[in-house]
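**Q** Chain by chain, the residues:
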Amino acid sequence: MSTLQASHPFQAFPARPWPGLARALRRVAAGGAALLLPALLLVVWQVAVERHWVSAQILPPPSRVLETFGELWASGDLWFQLSISLQRVLIGSLIGGALGLLLGLAMGLSRQAEAYLLPLFQALSQVPVLGWIPLLMMLVGIDEALKYLVIAKAVLVPLTLNTFSGIRSIPPSYLEVARVYRLGLLLRLRRVILPAVLPSIFTGVRFALTKGWIALVTVELLASSEGIGYLMVDGRQMFQLDLVIVAMLVIGLVGLVLDQGLALVETRLQRWQRQAF
Amino acid sequence: MSEATRKRPDLRGWVVPGVLLLLWWLATAQEWVDTRLVASPAAVLEEAWQAAASGELWQGLAASLGRNLSGFALGSLAGLAFGGLLGLSRLAERLVGPTFHALKQIALFAWIPLLSAWFGFGEPAKVAFIALAVFYPVALNSFEGIRATRHELLEVARVLGLTPAQRLLRLVLPSAAPAIFTGLHLGLIYAWLATLGAEYFFSAGPGIGNTMIDGREHFEMDQVIYGLLVVGSVGLLLNRLAAWIEARALAWRTGGR
Numbered sequence: 002m003s004t005l006q007a008s009h010p011f012q013a014f015p016a017r018p019w020p021g022l023a024r025a026l027r028r029v030a031a032g033g034a035a036l037l038l039p040a041l042l043l044v045v046w047q048v049a050v051e052r053h054w055v056s057a058q059i060l061p062p063p064s065r066v067l068e069t070f071g072e073l074w075a076s077g078d079l080w081f082q083l084s085i086s087l088q089r090v091l092i093g094s095l096i097g098g099a100l101g102l103l104l105g106l107a108m109g110l111s112r113q114a115e116a117y118l119l120p121l122f123q124a125l126s127q128v129p130v131l132g133w134i135p136l137l138m139m140l141v142g143i144d145e146a147l148k149y150l151v152i153a154k155a156v157l158v159p160l161t162l163n164t165f166s167g168i169r170s171i172p173p174s175y176l177e178v179a180r181v182y183r184l185g186l187l188l189r190l191r192r193v194i195l196p197a198v199l200p201s202i203f204t205g206v207r208f209a210l211t212k213g214w215i216a217l218v219t220v221e222l223l224a225s226s227e228g229i230g231y232l233m234v235d236g237r238q239m240f241q242l243d244l245v246i247v248a249m250l251v252i253g254l255v256g257l258v259l260d261q262g263l264a265l266v267e268t269r270l271q272r273w274q275r276q277a278f
Numbered sequence: 667m668s669e670a671t672r673k674r675p676d677l678r679g680w681v682v683p684g685v686l687l688l689l690w691w692l693a694t695a696q697e698w699v700d701t702r703l704v705a706s707p708a709a710v711l712e713e714a715w716q717a718a719a720s721g722e723l724w725q726g727l728a729a730s731l732g733r734n735l736s737g738f739a740l741g742s743l744a745g746l747a748f749g750g751l752l753g754l755s756r757l758a759e760r761l762v763g764p765t766f767h768a769l770k771q772i773a774l775f776a777w778i779p780l781l782s783a784w785f786g787f788g789e790p791a792k793v794a795f796i797a798l799a800v801f802y803p804v805a806l807n808s809f810e811g812i813r814a815t816r817h818e819l820l821e822v823a824r825v826l827g828l829t830p831a832q833r834l835l836r837l838v839l840p841s842a843a844p845a846i847f848t849g850l851h852l853g854l855i856y857a858w859l860a861t862l863g864a865e866y867f868f869s870a871g872p873g874i875g876n877t878m879i880d881g882r883e884h885f886e887m888d889q890v891i892y893g894l895l896v897v898g899s900v901g902l903l904l905n906r907l908a909a910w911i912e913a914r915a916l917a918w919r920t921g922g923r
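In the order they appear, the protein sequences are chains A and B. Take 2 as the starting number for the first sequence in the working numbering and just add one per residue. Take 667 as the starting number for the second sequence in the working numbering and just add one per residue.
Extracted from the complex, chain A is given alone in its bound form (with noise of 0.2 Å):
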């Protein structure tokens, strides 16, 4: 957009009448074209299978997936199944998350845990959830025991990582102004490196969740009896693809909520911080 004005030679000239009006005029006709090719997309869709071009068994017509998405509402059951995942994703990331901070904490503090566990904690990071879930099935079962402990361990990573890293990242002067007023450890946290590191550790969370969401997906598709992944692997076998699809919509639609809910959060927080300084 900047280049057009930037490369314009004669930038003296007055704008265009109604500024703001070529700018709501413009924003409708980026919507519009944003909106254009998912329109195109599912009148063909709707079309191809009316005219049985494909099979509604293949691709179940928007029409199809739509009255789903009612009925499933109107039961209640997409909201059973979605409020298990999602007591699931809370529930392990209160565990990872927690586990997290304090081993970033740990390792961002003292040079001496640095030594000793952060070279473990990369290998280990290095094999991703998915090649941890086998083993864990063996050592822990099916049950949600396994939910927790692999959305745990989806969120542990990204958490310790932002918590220490912010902790590193900390401008020294801080620190030697605590240390020249003698803080104690505790205040020193309370005072000084929490507030630092907060923003950071608050993006922490929010790609810990972000990825704590995928995990849950993941481990609802290998093993489970309710959710939402299970929603999935339930229609696929019934053949219901139109099931399939509905949970497929609902799954970026929470992984959104959660992103960007997270993100408005995170500039509110920011904005603090640059008041607070």
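No lab work stands behind these hints: they were computed from the structure. Careful, some of the hints might be misleading.
Said to hold, decoys possible - Here are the simulated lysine to aspartate or glutamate pairs, DMTMM-like style, with alpha carbons at most 25 Å apart:
#: 1; chain 1: B; residue 1: Lys770; chain 2: A; residue 2: Glu145
#: 2; chain 1: B; residue 1: Lys770; chain 2: A; residue 2: Asp260
#: 3; chain 1: B; residue 1: Lys770; chain 2: B; residue 2: Glu789
Said to hold, decoys possible - Derived list of chain B stretches under chain A, where covered just means 3 residues or more per stretch with a C-beta under 8 Å from a C-beta of chain A:
#: 4; stretch: 855 to 867
#: 5; stretch: 903 to 914
Unchecked claim - Chain B residues, not near chain A, derived (Cβ > 12 Å throughout):
#: 6; residue: Ser720
#: 7; residue: Leu731
#: 8; residue: Phe847
#: 9; residue: Trp918
Bear in mind the structure is a predicted one, so any value in this text is a computation, not a measurement. Here a beta-carbon is modelled for each residue, glycine too, at the ideal position from N, C-alpha and C.
Given chain A, put chain B in place with the hints provided.
**A** Just chain B, lined up with the frame of chain A:
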């Protein structure tokens, strides 16, 4: 810390893994745990040795790496083309971009049931899934890399009267190269993850992921842990390889002028 001590490798990182390994060994050797269920370190080594000697390891690795690379090739080519199109054409970005960003929100593994309905449970489904996993990071990074070409440079190109093809080859691609390589690097990591996932979820066949799943089904923990070690090492190697290629390919940016 003096220069001399800094040069010496830091051994403290080995302490915790060593203690854990010792505990594991003690627990199985002293039969604190049921050794029929929990494999000992020796059993894992034995399993790994046998798999390597019988060729089972290499067969599984070859199968996994083969589908990993074909999926990576497909996905990265598609991602480069798509990201390039979006980066070079504002119209394409306005039309397709929002849909792309929206679909990106769907967790990768959530595609599996649908892919299995469309492509079956065999090799095509696995490769398609890996390609999808690679497509997103490559497309996104090439798009952002191309879009970040500096305006001053584009203006110079316009002043010099470069043709669009010259502009692309001399200016846009070199300036987007680091971002594109970041995308490819991420894509390679995702591809390995997706290979593992594809082998778990789709039909049985040769592959390191299948080795682990089989091990779990027959409750052979030595096989599962050995599989885990192989998966971790391959992931690490792929990562190192990508970093090395990236550094080589981008060397002209920092040196050699």
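**Q** Hints first: check each against the structure and report whether it holds.
**A** Results for each hint:
This hinted pair does not check out: B/Lys770 and A/Glu145 have alpha carbons roughly 28 Å apart, beyond 25 Å. The suggested pairing of B/Lys770 with A/Asp260 holds, with an alpha-carbon distance near 12 Å, which does not exceed 25 Å. With a CA separation close to 24 Å, the supplied pair B/Lys770 and B/Glu789 stays within the 25 Å bound. Judged by the Cβ-Cβ criterion of 8 Å, the stretch 855 to 867 of chain B is covered by chain A as claimed, because 6 of its residues qualify and three suffice.
Beta-carbon proximity to chain A at under 8 Å applies to 1 residues in the stretch 903 to 914 of chain B; the threshold of 3 is not reached and the given coverage is violated. Once the 12 Å rule is applied to beta carbons, B/Ser720 is consistent with being away from chain A; the minimum gap is 21 Å. The non-interface label for B/Leu731 is consistent with chain A: the shortest C-beta to C-beta separation is roughly 16 Å, beyond 12 Å. Chain A leaves B/Phe847 outside its interface by the beta-carbon criterion, the shortest separation being 20 Å against a cut-off of 12 Å.
Every Cβ of chain A is farther than 12 Å from the Cβ of B/Trp918; the closest lies at roughly 27 Å, confirming the non-interface assignment.
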